Amino acid sequence: MSIQTMNVKEVAKKALNKEQLFILDVRNEDDFNDWKIEGEQFSYVNTPYFDLIDGIDPIKDQLPTDQDILVVCAKGGSSEFVGEMLVEEGYENVYSLEGGMKAWSEHLEPIKVADLTDGGELYQFVRLGKGCLSYMIISGDEAATIDAVRMTDVFVDFAKEKGANITHALDTHLHADHISGGRRLAEETGATYWLPPKDATEVQFEYKPLNDEDVIQVGSSNIDVHALYSPGHTIGSTSFIVDDQYLLSGDILFVNSIGRPDLAGKAEDWVGDLRETLYSRYKEVSSDLYVLPAHFMTNDELNNDGSVGEKLGTLYEKNHGLNVEDENEFRSMVTENLPPQPNSHQEIRETNMGKISPDHDRQREMEIGPNRCAIQ
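If you read the sequence shown in the UniProt record's numbering, its first letter stands for residue 1, the second for the next number, and so on.
Just to be clear, a hint being listed does not mean it is correct.
For lysine-lysine, the following DSSO-like pairs were computed, each having C-alpha atoms within a straight-line distance of at most 30 Å [unchecked claim]:
1. 112 / 266
2. 36 / 283
3. 75 / 36
4. 318 / 14
5. 60 / 13
6. 36 / 13
7. 283 / 18
FRET-style restraints, in silico, Cβ to Cβ [to be verified]:
8. 326 / 119: 43 to 51 Å
9. 209 / 163: 25 to 33 Å
10. 359 / 209: 28 to 36 Å
11. 10 / 141: 50 to 58 Å
Calculated from the structure, these hints are not laboratory results.
The model shown is predicted, which means the values in this text are computed figures rather than measured ones.
Every residue gets a Cβ at the ideal spot worked out from N, C-alpha and C, and that includes glycine.
Working from the sequences, and respecting the hints, build out all of it.
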(Lines of atoms letter the chains of each structure in order from A; the text may use other names.)
(Lines give C-alpha, C1' and ligand atoms only; values in the text may rest on other atoms or scores of the structure.)
Protein backbone atom coordinates (compact mmCIF):
# COMPACT_ATOMS: atom_id res chain seq x y z
CA MET A 1 0.00 0.00 0.00
CA SER A 2 1.45 3.39 -0.98
CA ILE A 3 1.23 6.62 0.94
CA GLN A 4 -1.94 8.63 0.35
CA THR A 5 -2.02 12.41 0.15
CA MET A 6 -4.33 15.03 1.62
CA ASN A 7 -4.54 18.54 0.17
CA VAL A 8 -4.82 21.76 2.14
CA LYS A 9 -8.47 22.28 1.21
CA GLU A 10 -9.36 18.94 2.79
CA VAL A 11 -7.42 19.86 5.94
CA ALA A 12 -9.13 23.25 6.05
CA LYS A 13 -12.55 21.59 5.91
CA LYS A 14 -11.60 19.33 8.82
CA ALA A 15 -10.48 22.35 10.85
CA LEU A 16 -13.62 24.37 10.09
CA ASN A 17 -15.92 21.39 10.71
CA LYS A 18 -14.08 20.65 13.98
CA GLU A 19 -13.29 17.10 12.93
CA GLN A 20 -10.63 14.96 14.57
CA LEU A 21 -7.22 14.64 12.92
CA PHE A 22 -3.90 13.35 14.23
CA ILE A 23 -0.91 15.28 12.89
CA LEU A 24 2.65 13.98 12.91
CA ASP A 25 4.72 17.11 12.25
CA VAL A 26 8.29 16.23 11.25
CA ARG A 27 9.70 19.77 11.14
CA ASN A 28 12.19 21.05 13.69
CA GLU A 29 10.82 21.70 17.16
CA ASP A 30 11.31 25.49 16.96
CA ASP A 31 9.40 25.69 13.68
CA PHE A 32 6.56 23.60 15.09
CA ASN A 33 6.31 25.67 18.28
CA ASP A 34 6.30 28.88 16.26
CA TRP A 35 3.62 27.85 13.77
CA LYS A 36 1.51 24.78 13.12
CA ILE A 37 -1.78 23.67 11.58
CA GLU A 38 -4.48 24.48 14.10
CA GLY A 39 -7.80 22.75 14.67
CA GLU A 40 -10.00 22.45 17.74
CA GLN A 41 -10.05 18.65 17.49
CA PHE A 42 -6.51 18.20 16.13
CA SER A 43 -3.88 16.36 18.16
CA TYR A 44 -0.16 16.41 17.51
CA VAL A 45 3.19 14.70 17.83
CA ASN A 46 6.24 16.69 16.76
CA THR A 47 9.33 14.62 16.01
CA PRO A 48 11.96 16.02 13.61
CA TYR A 49 12.49 14.13 10.36
CA PHE A 50 16.17 13.52 11.16
CA ASP A 51 15.16 11.59 14.27
CA LEU A 52 13.13 9.20 12.10
CA ILE A 53 15.55 8.46 9.27
CA ASP A 54 16.46 5.11 10.81
CA GLY A 55 12.87 4.14 11.54
CA ILE A 56 9.74 5.06 13.46
CA ASP A 57 10.50 3.16 16.67
CA PRO A 58 10.96 6.42 18.67
CA ILE A 59 7.30 7.37 18.09
CA LYS A 60 5.47 4.04 17.72
CA ASP A 61 3.82 4.23 21.13
CA GLN A 62 2.59 7.80 20.41
CA LEU A 63 0.73 7.05 17.18
CA PRO A 64 -2.97 6.11 17.02
CA THR A 65 -4.13 3.02 15.15
CA ASP A 66 -7.79 4.00 14.95
CA GLN A 67 -7.73 7.37 13.13
CA ASP A 68 -6.20 9.17 10.18
CA ILE A 69 -2.56 10.26 10.54
CA LEU A 70 -1.48 13.30 8.57
CA VAL A 71 2.29 13.69 8.21
CA VAL A 72 3.39 17.31 7.76
CA CYS A 73 6.70 18.91 6.80
CA ALA A 74 7.81 22.19 5.22
CA LYS A 75 7.33 21.33 1.53
CA GLY A 76 5.91 17.80 1.31
CA GLY A 77 9.00 15.67 0.64
CA SER A 78 10.02 14.59 4.13
CA SER A 79 6.41 13.84 5.05
CA GLU A 80 6.11 11.41 2.13
CA PHE A 81 9.27 9.58 3.26
CA VAL A 82 8.06 9.25 6.84
CA GLY A 83 4.54 8.37 5.73
CA GLU A 84 5.86 5.52 3.58
CA MET A 85 7.73 4.12 6.60
CA LEU A 86 4.50 4.18 8.59
CA VAL A 87 2.67 2.30 5.83
CA GLU A 88 5.46 -0.29 5.69
CA GLU A 89 5.04 -0.77 9.45
CA GLY A 90 1.37 -1.58 8.94
CA TYR A 91 -0.31 1.72 9.73
CA GLU A 92 -3.39 2.41 7.65
CA ASN A 93 -5.00 5.73 6.71
CA VAL A 94 -1.67 7.54 6.58
CA TYR A 95 -1.53 10.74 4.54
CA SER A 96 1.16 13.19 3.52
CA LEU A 97 0.17 16.86 3.27
CA GLU A 98 0.56 17.95 -0.37
CA GLY A 99 2.93 20.89 -0.55
CA GLY A 100 3.55 20.93 3.20
CA MET A 101 3.33 24.05 5.32
CA LYS A 102 4.11 26.25 2.32
CA ALA A 103 0.86 25.14 0.70
CA TRP A 104 -1.02 25.47 4.01
CA SER A 105 0.18 29.05 4.30
CA GLU A 106 -1.41 29.92 0.95
CA HIS A 107 -4.84 28.30 1.16
CA LEU A 108 -7.86 30.64 1.15
CA GLU A 109 -11.32 29.50 2.27
CA PRO A 110 -14.16 31.76 1.02
CA ILE A 111 -17.04 32.14 3.48
CA LYS A 112 -20.19 34.15 2.84
CA VAL A 113 -20.66 36.74 5.58
CA ALA A 114 -23.85 38.41 4.47
CA ASP A 115 -26.38 39.41 1.86
CA LEU A 116 -26.22 43.15 1.28
CA THR A 117 -28.80 45.69 0.22
CA ASP A 118 -30.36 45.20 -3.24
CA GLY A 119 -28.91 41.74 -3.78
CA GLY A 120 -25.23 42.29 -3.06
CA GLU A 121 -23.04 39.83 -1.18
CA LEU A 122 -20.07 40.08 1.18
CA TYR A 123 -17.49 37.29 1.38
CA GLN A 124 -14.59 36.76 3.76
CA PHE A 125 -11.57 34.80 2.51
CA VAL A 126 -10.01 33.06 5.52
CA ARG A 127 -6.33 32.21 5.22
CA LEU A 128 -6.23 29.64 8.00
CA GLY A 129 -2.51 28.99 7.78
CA LYS A 130 -1.55 32.65 8.08
CA GLY A 131 -4.39 34.32 9.96
CA CYS A 132 -5.07 36.77 7.11
CA LEU A 133 -8.61 37.85 6.22
CA SER A 134 -9.49 39.27 2.81
CA TYR A 135 -12.88 40.44 1.55
CA MET A 136 -14.93 40.64 -1.61
CA ILE A 137 -18.04 42.70 -2.15
CA ILE A 138 -20.16 41.62 -5.12
CA SER A 139 -22.95 43.75 -6.54
CA GLY A 140 -24.45 43.01 -9.94
CA ASP A 141 -21.61 42.35 -12.35
CA GLU A 142 -18.98 44.20 -10.31
CA ALA A 143 -16.77 43.15 -7.42
CA ALA A 144 -14.38 44.91 -5.07
CA THR A 145 -11.64 43.28 -3.00
CA ILE A 146 -10.33 44.58 0.31
CA ASP A 147 -6.94 43.49 1.66
CA ALA A 148 -6.49 40.83 -1.01
CA VAL A 149 -3.40 38.64 -0.60
CA ARG A 150 -0.95 37.72 -3.35
CA MET A 151 -2.81 34.58 -4.54
CA THR A 152 -4.83 36.73 -6.93
CA ASP A 153 -6.14 33.87 -9.07
CA VAL A 154 -8.41 32.85 -6.18
CA PHE A 155 -10.18 36.23 -6.25
CA VAL A 156 -10.35 36.47 -10.04
CA ASP A 157 -11.78 32.96 -10.38
CA PHE A 158 -14.27 33.46 -7.53
CA ALA A 159 -15.59 36.70 -9.03
CA LYS A 160 -15.88 35.02 -12.42
CA GLU A 161 -17.89 32.16 -10.88
CA LYS A 162 -20.27 34.79 -9.50
CA GLY A 163 -20.59 36.50 -12.89
CA ALA A 164 -18.67 39.59 -11.77
CA ASN A 165 -15.54 41.49 -12.75
CA ILE A 166 -13.24 43.03 -10.16
CA THR A 167 -13.44 46.80 -10.65
CA HIS A 168 -11.87 47.99 -7.37
CA ALA A 169 -9.02 46.65 -5.23
CA LEU A 170 -8.55 48.36 -1.88
CA ASP A 171 -5.98 48.01 0.89
CA THR A 172 -6.72 49.30 4.38
CA HIS A 173 -3.01 50.10 4.81
CA LEU A 174 0.48 49.26 3.59
CA HIS A 175 0.84 45.68 4.86
CA ALA A 176 3.96 44.44 6.65
CA ASP A 177 3.17 40.77 7.34
CA HIS A 178 2.05 39.63 3.90
CA ILE A 179 2.37 40.67 0.28
CA SER A 180 -0.67 42.52 -1.00
CA GLY A 181 -2.45 41.29 -4.11
CA GLY A 182 -4.18 44.63 -4.70
CA ARG A 183 -1.79 46.09 -7.24
CA ARG A 184 -1.50 42.81 -9.13
CA LEU A 185 -5.28 42.47 -9.24
CA ALA A 186 -5.49 45.96 -10.75
CA GLU A 187 -2.93 45.00 -13.39
CA GLU A 188 -4.70 41.73 -14.21
CA THR A 189 -8.28 42.97 -14.28
CA GLY A 190 -8.10 46.70 -15.02
CA ALA A 191 -9.49 47.47 -11.57
CA THR A 192 -8.65 50.67 -9.72
CA TYR A 193 -6.12 50.13 -6.93
CA TRP A 194 -6.86 52.27 -3.87
CA LEU A 195 -4.31 52.94 -1.13
CA PRO A 196 -4.25 55.45 1.75
CA PRO A 197 -1.92 58.25 0.59
CA LYS A 198 -0.17 58.65 3.95
CA ASP A 199 1.01 55.04 3.61
CA ALA A 200 1.99 55.54 -0.03
CA THR A 201 4.63 58.27 0.18
CA GLU A 202 7.35 55.88 -1.01
CA VAL A 203 5.42 53.67 -3.45
CA GLN A 204 6.85 53.25 -6.94
CA PHE A 205 3.60 52.81 -8.87
CA GLU A 206 0.35 54.59 -9.67
CA TYR A 207 -2.59 54.25 -7.33
CA LYS A 208 -5.82 56.05 -6.45
CA PRO A 209 -5.56 57.94 -3.13
CA LEU A 210 -8.03 56.68 -0.55
CA ASN A 211 -9.06 59.65 1.56
CA ASP A 212 -11.26 60.03 4.62
CA GLU A 213 -14.97 59.93 3.77
CA ASP A 214 -14.38 58.83 0.16
CA VAL A 215 -17.32 56.78 -1.11
CA ILE A 216 -16.72 53.97 -3.61
CA GLN A 217 -19.72 52.49 -5.37
CA VAL A 218 -19.72 48.83 -6.30
CA GLY A 219 -22.13 47.76 -9.02
CA SER A 220 -25.49 49.22 -9.82
CA SER A 221 -27.15 48.48 -6.51
CA ASN A 222 -25.55 51.38 -4.64
CA ILE A 223 -23.55 49.35 -2.16
CA ASP A 224 -21.28 52.10 -0.94
CA VAL A 225 -17.92 51.59 0.72
CA HIS A 226 -17.21 54.55 3.00
CA ALA A 227 -13.58 55.25 3.91
CA LEU A 228 -12.91 56.12 7.55
CA TYR A 229 -9.42 57.39 8.33
CA SER A 230 -8.26 55.40 11.37
CA PRO A 231 -4.49 55.68 11.94
CA GLY A 232 -2.50 53.82 14.56
CA HIS A 233 -1.30 50.53 13.07
CA THR A 234 0.14 52.66 10.28
CA ILE A 235 -0.19 56.41 9.80
CA GLY A 236 -2.48 55.85 6.82
CA SER A 237 -4.67 53.05 8.18
CA THR A 238 -8.18 53.43 6.82
CA SER A 239 -11.26 51.43 7.78
CA PHE A 240 -14.29 50.84 5.56
CA ILE A 241 -17.95 50.97 6.44
CA VAL A 242 -19.82 48.73 4.01
CA ASP A 243 -23.57 49.01 3.44
CA ASP A 244 -23.91 50.89 6.77
CA GLN A 245 -23.65 47.51 8.52
CA TYR A 246 -20.05 46.30 8.48
CA LEU A 247 -16.83 47.87 9.74
CA LEU A 248 -13.77 46.48 8.00
CA SER A 249 -11.16 47.48 10.54
CA GLY A 250 -7.95 46.39 8.82
CA ASP A 251 -5.21 45.85 11.39
CA ILE A 252 -6.49 48.45 13.84
CA LEU A 253 -8.98 46.29 15.75
CA PHE A 254 -9.21 42.51 16.03
CA VAL A 255 -11.71 40.31 17.84
CA ASN A 256 -9.40 39.55 20.77
CA SER A 257 -6.77 42.26 20.51
CA ILE A 258 -5.75 45.54 18.86
CA GLY A 259 -3.17 46.44 16.23
CA ARG A 260 0.48 47.11 17.00
CA PRO A 261 2.01 50.46 15.98
CA ASP A 262 5.65 49.38 15.66
CA LEU A 263 6.02 47.60 12.31
CA ALA A 264 7.30 50.70 10.54
CA GLY A 265 9.50 51.60 13.51
CA LYS A 266 7.18 54.39 14.62
CA ALA A 267 5.59 52.98 17.77
CA GLU A 268 6.16 56.06 19.94
CA ASP A 269 4.94 58.35 17.16
CA TRP A 270 1.80 56.40 16.34
CA VAL A 271 0.57 55.17 19.74
CA GLY A 272 -1.43 58.38 20.23
CA ASP A 273 -3.11 57.90 16.86
CA LEU A 274 -3.97 54.32 17.78
CA ARG A 275 -5.64 55.41 21.01
CA GLU A 276 -7.48 58.24 19.26
CA THR A 277 -8.86 55.82 16.65
CA LEU A 278 -9.94 53.14 19.12
CA TYR A 279 -11.18 55.34 21.95
CA SER A 280 -12.67 58.25 19.96
CA ARG A 281 -13.15 57.77 16.21
CA TYR A 282 -14.63 54.28 16.46
CA LYS A 283 -16.94 55.47 19.25
CA GLU A 284 -18.48 57.96 16.83
CA VAL A 285 -19.83 55.19 14.59
CA SER A 286 -22.69 52.85 15.44
CA SER A 287 -21.95 50.18 18.05
CA ASP A 288 -24.18 47.88 15.97
CA LEU A 289 -21.62 47.76 13.16
CA TYR A 290 -20.22 44.27 12.70
CA VAL A 291 -16.41 44.38 12.85
CA LEU A 292 -14.55 42.38 10.21
CA PRO A 293 -10.77 42.57 10.78
CA ALA A 294 -7.87 41.88 8.41
CA HIS A 295 -6.34 39.24 10.71
CA PHE A 296 -7.03 36.77 13.48
CA MET A 297 -4.53 35.30 15.91
CA THR A 298 -5.86 31.83 16.79
CA ASN A 299 -8.71 29.54 15.79
CA ASP A 300 -10.51 30.54 19.00
CA GLU A 301 -11.62 33.65 17.10
CA LEU A 302 -13.44 31.63 14.42
CA ASN A 303 -17.23 31.65 14.56
CA ASN A 304 -19.17 28.42 14.03
CA ASP A 305 -19.29 28.99 10.27
CA GLY A 306 -15.53 29.61 10.13
CA SER A 307 -15.81 33.37 9.72
CA VAL A 308 -14.18 35.96 11.99
CA GLY A 309 -16.09 38.99 13.27
CA GLU A 310 -18.06 40.51 16.13
CA LYS A 311 -20.27 43.52 16.84
CA LEU A 312 -18.38 46.68 17.73
CA GLY A 313 -20.43 47.14 20.90
CA THR A 314 -19.51 43.64 22.07
CA LEU A 315 -15.83 44.33 21.47
CA TYR A 316 -16.04 47.47 23.61
CA GLU A 317 -17.34 45.22 26.39
CA LYS A 318 -14.95 42.28 26.02
CA ASN A 319 -11.77 43.33 24.21
CA HIS A 320 -9.12 44.28 26.78
CA GLY A 321 -7.39 46.60 24.32
CA LEU A 322 -10.47 48.82 24.29
CA ASN A 323 -10.72 49.06 28.08
CA VAL A 324 -7.45 50.55 29.31
CA GLU A 325 -8.49 53.84 30.90
CA ASP A 326 -5.03 55.05 31.89
CA GLU A 327 -3.26 56.54 28.87
CA ASN A 328 0.23 55.69 30.15
CA GLU A 329 -0.78 52.10 30.78
CA PHE A 330 -2.14 51.94 27.23
CA ARG A 331 1.10 53.37 25.85
CA SER A 332 3.14 50.76 27.72
CA MET A 333 0.85 47.95 26.57
CA VAL A 334 1.26 48.72 22.87
CA THR A 335 4.94 49.68 22.82
CA GLU A 336 6.61 47.32 25.31
CA ASN A 337 6.97 43.53 25.55
CA LEU A 338 5.48 43.02 22.09
CA PRO A 339 5.63 39.63 20.34
CA PRO A 340 8.32 39.16 17.66
CA GLN A 341 7.78 41.16 14.50
CA PRO A 342 6.56 39.30 11.39
CA ASN A 343 9.13 37.42 9.34
CA SER A 344 10.78 39.59 6.66
CA HIS A 345 8.46 42.48 7.56
CA GLN A 346 10.71 45.20 6.14
CA GLU A 347 11.23 43.25 2.90
CA ILE A 348 7.46 42.73 2.66
CA ARG A 349 6.84 46.46 3.14
CA GLU A 350 9.34 47.26 0.37
CA THR A 351 7.65 44.73 -1.92
CA ASN A 352 4.28 46.34 -1.22
CA MET A 353 5.84 49.74 -2.04
CA GLY A 354 7.08 48.43 -5.39
CA LYS A 355 10.71 49.02 -4.40
CA ILE A 356 11.70 45.39 -4.86
CA SER A 357 10.20 42.52 -6.87
CA PRO A 358 11.12 39.15 -5.32
CA ASP A 359 10.38 36.06 -7.40
CA HIS A 360 7.55 33.69 -6.50
CA ASP A 361 9.66 31.33 -4.39
CA ARG A 362 11.15 34.20 -2.39
CA GLN A 363 7.69 35.67 -1.78
CA ARG A 364 6.56 32.33 -0.35
CA GLU A 365 9.62 32.22 1.91
CA MET A 366 9.00 35.78 3.13
CA GLU A 367 5.49 34.93 4.29
CA ILE A 368 6.24 31.67 6.10
CA GLY A 369 5.09 31.75 9.72
CA PRO A 370 2.14 33.17 11.67
CA ASN A 371 0.87 36.72 11.37
CA ARG A 372 2.00 39.01 14.17
CA CYS A 373 0.00 42.19 13.68
CA ALA A 374 -1.62 42.22 17.11
CA ILE A 375 -0.06 43.37 20.37
CA GLN A 376 -0.53 39.94 21.96
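Here is what the structure says about each hint:
Between residue 112 and residue 266 the alpha-carbon distance is near 36 Å, which puts this suggested pair outside the 30 Å criterion. Taken as a hint, the residue 36 and residue 283 pair is broken in the structure, with Cα atoms around 36 Å apart against an allowance of 30 Å. Among the hinted pairs, residue 75 with residue 36 is consistent with the structure: their alpha-carbon atoms are about 13 Å apart, no more than 30 Å. Straight-line distance between C-alpha atoms of residue 318 and residue 14 comes to about 29 Å, which keeps the hinted pair within the 30 Å bound.
Between residue 60 and residue 13, the direct Cα distance comes to roughly 28 Å. Compliance with the 30 Å bound is thereby established for this hinted pair. Proximity of residue 36 to residue 13 is assessed by CA-CA distance (about 16 Å); at most 30 Å being required, the pair is judged to hold. Taking the CA atoms of residue 283 and residue 18, the gap is near 35 Å; set against the 30 Å cutoff, the hint is violated. Look at residue 326 against residue 119: about 48 Å separates their beta carbons, and that is inside 43 to 51 Å.
One distance hint, 25 to 33 Å for the beta-carbon pair residue 209 and residue 163, holds here, with the actual separation near 30 Å. Between residue 359 and residue 209 the beta carbon distance is about 30 Å. The supplied range of 28 to 36 Å therefore holds. Between residue 10 and residue 141 the C-beta distance comes to about 32 Å, which lies outside the given range of 50 to 58 Å.
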